[in-house]
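So the sequences go chain by chain: A and B.
Quick note: the first sequence uses this note's numbering, first residue 5, plus one each step.
Quick note: the second sequence uses this note's numbering, first residue 476, plus one each step.
If you are wondering where the hints come from, they were derived from the structure by calculation, not from laboratory data.
Cβ coordinates follow ideal geometry from the N, Cα and C atoms, glycine included.
One or more hints might be untrue.
[Stated by the list, open to error] Some but not every residue of chain B turned toward chain A, in silico, with C-beta under 7 Å: (1) Ala507; (2) Ile509; (3) Val510; (4) Leu511; (5) Thr610; (6) Val611; (7) Ser614; (8) Ala707; (9) Phe710; (10) Met732; (11) Leu734; (12) Trp738; (13) Leu752.
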Amino acid sequence: MLYYTLKRLGLAGLVALTVSFISFGLLYISSDPAIAMAGETASDADIEAIRQLYGFDRPILVQYFDWLQRAMSGDLGKSYYFRTDVSALIAERLSTTMTLGVSAITFAIVLSVPLGVAAAIRPNSVIDRIALFLSVMGQALPSFWFALMLIVFLSVTFRLLPTSGSDTWQHFIMPTIVLGYYAAPAIMRLTRTGMLEVLSTDYIRTARAKGLRPRVVLFKHALRNAVIPVVSLTAVQFGFMLGGSIVVETIFALHGAGFLAWESITRNDLPTVQGLILVFSLFYIVLTFFADLLNAWLDPRIRIN
Amino acid sequence: MSEINSKTLESQTKSSVFRRRVFGHQGVMIGAAIVLAAVLIALSAPLIAPHDPYYQDLLNRLVPPVWDSRGSWEHILGTDHLGRDYLSRLIYGARISLLIGVGAALISGLIGTVLGVAAGYFGGRVDMVVTFMITVRLSMPVVLVALAVVAIVGGSLQVVIMVLGFLLWDRFAVVMRSSTLQIRSMDYVAAAQAVGCSTTRILTTEIMPNVVNNLIVIATLEIAHAIILEAALSFLGLGVQPPLPSWGLMVSEGKDMMLFEPWLITIPGVALFLLVLAINLLGDGARDITAPENRN
Numbered sequence: 005m006l007y008y009t010l011k012r013l014g015l016a017g018l019v020a021l022t023v024s025f026i027s028f029g030l031l032y033i034s035s036d037p038a039i040a041m042a043g044e045t046a047s048d049a050d051i052e053a054i055r056q057l058y059g060f061d062r063p064i065l066v067q068y069f070d071w072l073q074r075a076m077s078g079d080l081g082k083s084y085y086f087r088t089d090v091s092a093l094i095a096e097r098l099s100t101t102m103t104l105g106v107s108a109i110t111f112a113i114v115l116s117v118p119l120g121v122a123a124a125i126r127p128n129s130v131i132d133r134i135a136l137f138l139s140v141m142g143q144a145l146p147s148f149w150f151a152l153m154l155i156v157f158l159s160v161t162f163r164l165l166p167t168s169g170s171d172t173w174q175h176f177i178m179p180t181i182v183l184g185y186y187a188a189p190a191i192m193r194l195t196r197t198g199m200l201e202v203l204s205t206d207y208i209r210t211a212r213a214k215g216l217r218p219r220v221v222l223f224k225h226a227l228r229n230a231v232i233p234v235v236s237l238t239a240v241q242f243g244f245m246l247g248g249s250i251v252v253e254t255i256f257a258l259h260g261a262g263f264l265a266w267e268s269i270t271r272n273d274l275p276t277v278q279g280l281i282l283v284f285s286l287f288y289i290v291l292t293f294f295a296d297l298l299n300a301w302l303d304p305r306i307r308i309n
Numbered sequence: 476m477s478e479i480n481s482k483t484l485e486s487q488t489k490s491s492v493f494r495r496r497v498f499g500h501q502g503v504m505i506g507a508a509i510v511l512a513a514v515l516i517a518l519s520a521p522l523i524a525p526h527d528p529y530y531q532d533l534l535n536r537l538v539p540p541v542w543d544s545r546g547s548w549e550h551i552l553g554t555d556h557l558g559r560d561y562l563s564r565l566i567y568g569a570r571i572s573l574l575i576g577v578g579a580a581l582i583s584g585l586i587g588t589v590l591g592v593a594a595g596y597f598g599g600r601v602d603m604v605v606t607f608m609i610t611v612r613l614s615m616p617v618v619l620v621a622l623a624v625v626a627i628v629g630g631s632l633q634v635v636i637m638v639l640g641f642l643l644w645d646r647f648a649v650v651m652r653s654s655t656l657q658i659r660s661m662d663y664v665a666a667a668q669a670v671g672c673s674t675t676r677i678l679t680t681e682i683m684p685n686v687v688n689n690l691i692v693i694a695t696l697e698i699a700h701a702i703i704l705e706a707a708l709s710f711l712g713l714g715v716q717p718p719l720p721s722w723g724l725m726v727s728e729g730k731d732m733m734l735f736e737p738w739l740i741t742i743p744g745v746a747l748f749l750l751v752l753a754i755n756l757l758g759d760g761a762r763d764i765t766a767p768e769n770r771n
């Protein structure tokens, strides 16, 4: 287990390093920060002065290692727009996104796991059909459009919920539904296949044969084993949700990290965009790392290979 | 003589089994019908669109669709905030969605297939490198990276196709890698190696024909994925640029008036939903028919 942990840790570190290099390089080659900082009326001499002042004239690798070194100590530079520390800015906004992410993934699990189990108990039954129908529909629904339709119906027609902002818990209901439905189909399908597979194993037949009550067989013996792959998928989906939060937060004007990303991109605020790509990626890497460890701990076959 | 007969008989039964599976599959039939209609509409857009999708008639702005009491048959789906015919824009929008979906899937399919097949066939270090690349790609948030690149390079049809093409290859690579891995251990591949076939020949005549079914399934699902992402990017203002009639852009333009004229966002949204749903149904169905064991 220790060997496996170290190996996975090394891989995660390497992935993080590569991602940081790509996100730095991508924005480095595609834009000139000096021009962005100097503004539209600046002369060539001004731009050149800024370039030298901030060290933009140095080779890319030197700039990258400089940036990386500071990033490691938590310094992601200063935002061009807000004129404050990027790391402080992201940390401040991240709490809203985390609240949204956690409630959305909870919503997705509560919706999809019971539905997946029910569908697996009776394949091809009405419940199975409904579950399949919902997941096919869910996958085709564009989240930005779904969000707007919810606003039209729940806020305007029935006046149940506030349309935008992040002041009360009611402001989080619609964003949670929109972001949560997005992860639900995948979790539902995996729960269903996992349950179907486990229910056809010998030990379930044995458990049934020795006269255990169906409920005990289902929840104590089957679900525990079926849920293992669902755990890691949930972690992955949670990581993807951060990306999805950009669309959702922008529509509902929730001032989280996703909204910050959209703001910074439209304002050409390069350090903030770089910082956000790094933070979102790191978050995903850490999540999948822990999901892998959890899986290896639950299932010894994984850590031996 | 009898040999020939049994052969034709066999191929007949095979194709008839295939046909029965296709026509007996509800999802595939519904999906295929909608996709076919969308493709025909996109191809014949100049012939069937009742108006010029870019012509602004400022005296006839925000005319509601024909089912509204204020609507007229002149503009069946009404006009937008600049007086452009909504139906014509919707018809031309099908072109943009399909072009971006297919274009992005072609690029990402090429990248993903090359990487996946190489990893699956050669294994070892090649596999390690490709698996690492997939992990790196998965750790980067697609929407954020796509938005950032489009913002810097500038939004246009070509840019969106390229950006999505270079971002969405992960699923191709994962699936192609595992299917190649499966095929590589088959006896006929070992036989081809034993008689001295070149690697190129084995890859093109032994491996590719046997993984192409999976490739088609993933390509279909990725077309839908790209279409939905393009709409989201355009909706956020960092995708296809006005005045092009992208469906995502139409929703975005109608957003400010959605409280008074909800049809402005309902119509392009429903079109988007139906097209993506149909493509997904087709992809899921293709998987059921060609490789039922890969369901879910």
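These are the hints, each one checked on the structure:
{"no.": "1", "hint": "Ala507", "in the structure": "15 Å, violated"}
{"no.": "2", "hint": "Ile509", "in the structure": "11 Å, violated"}
{"no.": "3", "hint": "Val510", "in the structure": "13 Å, violated"}
{"no.": "4", "hint": "Leu511", "in the structure": "17 Å, violated"}
{"no.": "5", "hint": "Thr610", "in the structure": "5 Å, holds"}
{"no.": "6", "hint": "Val611", "in the structure": "5 Å, holds"}
{"no.": "7", "hint": "Ser614", "in the structure": "5 Å, holds"}
{"no.": "8", "hint": "Ala707", "in the structure": "6 Å, holds"}
{"no.": "9", "hint": "Phe710", "in the structure": "5 Å, holds"}
{"no.": "10", "hint": "Met732", "in the structure": "11 Å, violated"}
{"no.": "11", "hint": "Leu734", "in the structure": "5 Å, holds"}
{"no.": "12", "hint": "Trp738", "in the structure": "11 Å, violated"}
{"no.": "13", "hint": "Leu752", "in the structure": "4 Å, holds"}
In this structure, the hints that do not hold are numbers 1, 2, 3, 4, 10 and 12, in rising order.
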